[in-house]
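K.L.:
Listed below, chain by chain, are the residues.
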Amino acid sequence: MTAAFRLTDSTLRDGSHAIKHQFTVDQVRAVVRGLDRAGVEVIEVAHGDGLGGSSFNYGFSGIDEMELVRAAVDEAENARIAVLLLPGIGVKDDLAQAADIGASVARIATHSTEADISHQHIALAKDLGMETVGFLMLSHMVAPSELLEQALLMESYGADAVYVVDSAGAMTVSDTMERITTLKNGLKCGVGLHAHNNLSLAVANSLAAIGEGIDQVDGCLTGLGAGAGNCPTEILVAACDKAGFETGINLTDLLDVATDVVRPLSPNQGVIDRDGLMLGYAGVYGSFLLHAKRAAEVYDVACDDILLELGRRGIVGGQEDMIIDVALELRQATDDGDRSK
Amino acid sequence: MTACAIMGSGNIGTDLMYKLLRSNELDLRALVGIDPQSEGLSRAADMGVDISSDGLQWVTQNADQIDLVFEATSAGIHRSHAPEYERLGLTAIDLTPAKIGPAVVPGVNLERHLDAPNVNLITCGGQATIPIVAAVCREAEVPYAEIVSTVASDSAGPGTRANIDEFTKTTSSCLEEVGGATIGKAIMVLNPSQPPIMMRNTVYCGLQDGFDPERIIESILQTVDEVQTYVPGYRLKRPPVFEEGPFATPGGAVATRIVVLLEVSGEADFLPAYAGNLDIMTAAAVRVGEALGAARAGSAS
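Each protein sequence line maps, in turn, to chains A and B.
So the first sequence is numbered by the numbering used here: it starts at 11 and just counts up by one.
So the second sequence is numbered by the numbering used here: it starts at 87 and just counts up by one.
So that you can see chain A by itself, here it is in the shape it has in the complex:
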């Protein structure tokens, strides 16, 4: 039986956020080995913010991501290795280097209204012979029809598939279905979903999308990822088995790598705490969470307040510097309030 959809595991990319981009070569090899054995076809490896993401703004990588990509390519027997790139953060040279090392899937991510900045990167990926995926981040912020217009741009640049990306984990099941069906009906290329779990809906949204005939879905082992985490790969596969969607993936093998390798990295992964929920509720980019927690501590302000203000200001992915700006503003407001008492 052929699989109902193709699963891309992003533990080694999105999961990188949860451990502040500190994956080691040994961890990468162990995760790739386990996923490969389980039958996962595509495994994404990069800094959490994509190639070139290692920075003050997003956190420095412990090990150069190209070394991690090289280890993943070397370890994988059947799976193909994917990389993510956000134009404005990474550059074409990074993509060419990753392709040279052996990455064969390129995922090019832009904010959900800015698809036209991906033209040269999608074109390059195609020239390099890579399978190319467009990634429309914070898809909840625009109406389905507007999302389709942006997806059509990516398709016209050569994308083989375009993803609805719920970077804030803010989409309900109906939000997801509307966007998936609109893209499925309007695009000739494939459609994918990348879900986050801030509202505890990642698996439900993914199952609903699979029911709509979606082509690709993302997961991360244990849900390791930005915000309250991603769609947990092993839970998605288990739920698909129950729902009668063929995955072609062995659940026991997945559970082995999830439990033995990934769980110890972040024992509380899967807990949706106050701040994680607030991201989904306020519609804030999930990768902001750990940066906001840090700023809250440094400037002695409430993390909730930072996240709500970021949502109010309409801050988008990439603007992690504004977390410091908001924290300083809140600190100043508190100090001014204290003085006027």
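Just so you know, these hints were derived from the structure itself, not from any lab.
Hints should not be assumed to be uniformly reliable.
Said to hold, decoys possible - Residues of chain B placed beyond 10 Å of chain A at every Cβ, according to the derived structure:
(1) Met87
(2) Ser128
(3) Glu170
(4) Leu174
(5) Asp201
(6) Pro229
(7) Val275
(8) Gly296
(9) Ile303
(10) Glu304
(11) Ser351
(12) Asp355
(13) Ala381
As the list claims (entries may be wrong) - Heads up, incomplete: computed chain B residues facing chain A, CB under 7 Å, no partners named:
(14) Val234
(15) Thr236
(16) Arg247
(17) Ile250
(18) Asp251
(19) Thr254
(20) Lys255
(21) Ile273
(22) Met274
(23) Leu276
(24) Asn277
(25) Pro278
(26) Thr288
(27) Tyr290
(28) Val345
(29) Leu347
Every residue, glycine too, gets a C-beta built ideally from N, C-alpha and C.
Add chain B to chain A, keeping to what the hints say.
P.N.:
Quick look at chain B alone, frame taken from chain A:
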């Protein structure tokens, strides 16, 4: 007065026109484009500025009337125009990322390139942040500097969007070459919020132990004052802060970073005030043009 022309009638060229018309040292002879229907050319005609849609041909035919050409087209077009400007003995001020001549930032390194036949203005993010990196570098060693430049989606034209890689690469290399950091990295973000956001720039500089925080702050404040003399809407959004690491930068581990949060509002000449990214380029271009014009006049006499 130094006679000049603008090549390119898009957002940048048109905004530059308004600023050149206010200059006491530069005499704008024409706004030159290639599309007779462009909004920029029609606005110029309304303001009594000579216009042409003949492109490079206008420059060739009128070279004896002008000394300076401001290039506000695209990197590719400037590369094809530059040899002709040189043949005609015209000084080129390049507002594209072509970077044929030396990169200049007023107040940082302009005085070293006054006799260059072609100078480059880097990028809007570069003009907004390199003065701050240079201000920190005057007082401390900076093994690694990083900037994040965020502009309103509405202010980023098709040229900027198609060339986002050139923006990040050119800005990154100039943080080193002009700003003085050992390693530089630039990040560009577009924000689609409505109403549009003001241009924001954040500068992070890694600092080794032993720096003098007061001298660094003083140097930054002085620099902001200087930039304000040509970009009135350039300001510190908050007082600079020092944050404790350690941070494992590509230039080596540092104990501390300084974070400088900047905002740039424009003078609303062509696009509304949120488009400070337009103003910082065009205002810097006027400042550079005035200095190069004065140098040319000085050497001719």
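K.L.:
Each hint: holds or not?
P.N.:
Structure-based check of each hint:
1. Interface exclusion of B:Met87 from chain A stands, the closest Cβ pair being 40 Å apart, more than 10 Å.
2. Remark: the non-interface label on B:Ser128 is consistent with the geometry, its nearest Cβ contact in chain A lying 26 Å away (cut-off 10 Å).
3. Look at B:Glu170: its CB is around 27 Å from the nearest CB on chain A, clear of 10 Å, so calling it non-interface holds up.
4. Listed as outside the interface, B:Leu174 is consistent with that label: its C-beta sits roughly 33 Å from the nearest C-beta of chain A, beyond the 10 Å cut-off.
5. No Cβ of chain A comes within 10 Å of the Cβ of B:Asp201; the nearest lies about 33 Å off, and the non-interface call holds.
6. Distance check on B:Pro229: its Cβ is at least 12 Å (rounded) from any Cβ of chain A, clearing the 10 Å threshold; non-interface status holds.
7. With a minimum CB-CB distance of about 4 Å to chain A, B:Val275 fails to clear the 10 Å threshold, and the non-interface call is violated.
8. With a closest Cβ-Cβ approach of about 20 Å to chain A, B:Gly296 is found to remain outside the 10 Å limit, as its non-interface label requires.
9. Listed as a non-interface residue, B:Ile303 keeps its Cβ farther than 10 Å from every Cβ of chain A; the least gap is roughly 15 Å.
10. Against chain A, the non-interface label of B:Glu304 holds: every CB pair exceeds 10 Å, the least being about 20 Å.
11. No beta-carbon of chain A is positioned within 10 Å of the beta-carbon of B:Ser351; the least distance is around 16 Å.
12. For B:Asp355, the requirement that its beta carbon stay farther than 10 Å from each beta carbon of chain A is met, with the minimum near 25 Å.
13. Interface exclusion of B:Ala381 from chain A stands, the closest Cβ pair being 35 Å apart, more than 10 Å.
14. Given the 7 Å rule on beta carbons, the hint for B:Val234 holds: about 5 Å separates it from the nearest Cβ of chain A.
15. With 7 Å as the threshold, the beta carbon of B:Thr236 comes within range of chain A, its nearest partner Cβ sitting at about 6 Å, so the hint holds.
16. The criterion of a C-beta within 7 Å of any C-beta in chain A is met by B:Arg247, whose closest approach is roughly 5 Å, and the hint holds.
17. Against a cut-off of 7 Å between C-beta atoms, the interface hint on B:Ile250 holds, since the closest Cβ of chain A lies about 5 Å away.
18. The interface hint given for B:Asp251 holds, since its Cβ lies 5 Å from the closest Cβ of chain A, which is under the 7 Å cut-off.
19. The beta carbon of B:Thr254 comes within 6 Å of a beta carbon in chain A, closer than 7 Å, and the hint placing it at the interface holds.
20. The interface hint given for B:Lys255 is met, as the beta carbon of that residue sits about 6 Å from the closest beta carbon of chain A, less than 7 Å.
21. Residue-level restraint check for B:Ile273 holds (minimum Cβ-Cβ distance to chain A is 5 Å; threshold 7 Å).
22. At a threshold of 7 Å, the smallest CB-CB gap from B:Met274 to chain A is about 4 Å, leaving the interface hint in force.
23. The beta carbon of B:Leu276 is positioned within 7 Å of a beta carbon in chain A (closest approach about 5 Å), and the interface hint is therefore held.
24. Given hint, B:Asn277 at the interface with chain A, holds; its Cβ is 5 Å from that chain's nearest Cβ, closer than 7 Å.
25. A hinted interface residue such as B:Pro278 counts as satisfied when its beta carbon comes closer than 7 Å to some beta carbon of chain A; here the least separation is about 4 Å, so the hint holds.
26. A hinted interface residue such as B:Thr288 counts as satisfied when its beta carbon comes closer than 7 Å to some beta carbon of chain A; here the least separation is about 4 Å, so the hint holds.
27. With a cut of 7 Å, the hint placing B:Tyr290 at the interface with chain A holds, because the nearest CB-to-CB distance is about 4 Å.
28. Here the hint on B:Val345 is kept, as its CB sits about 6 Å from the closest CB of chain A, short of 7 Å.
29. For B:Leu347, the suggested interface contact is upheld, since its CB lies about 5 Å from the closest CB of chain A, less than 7 Å.
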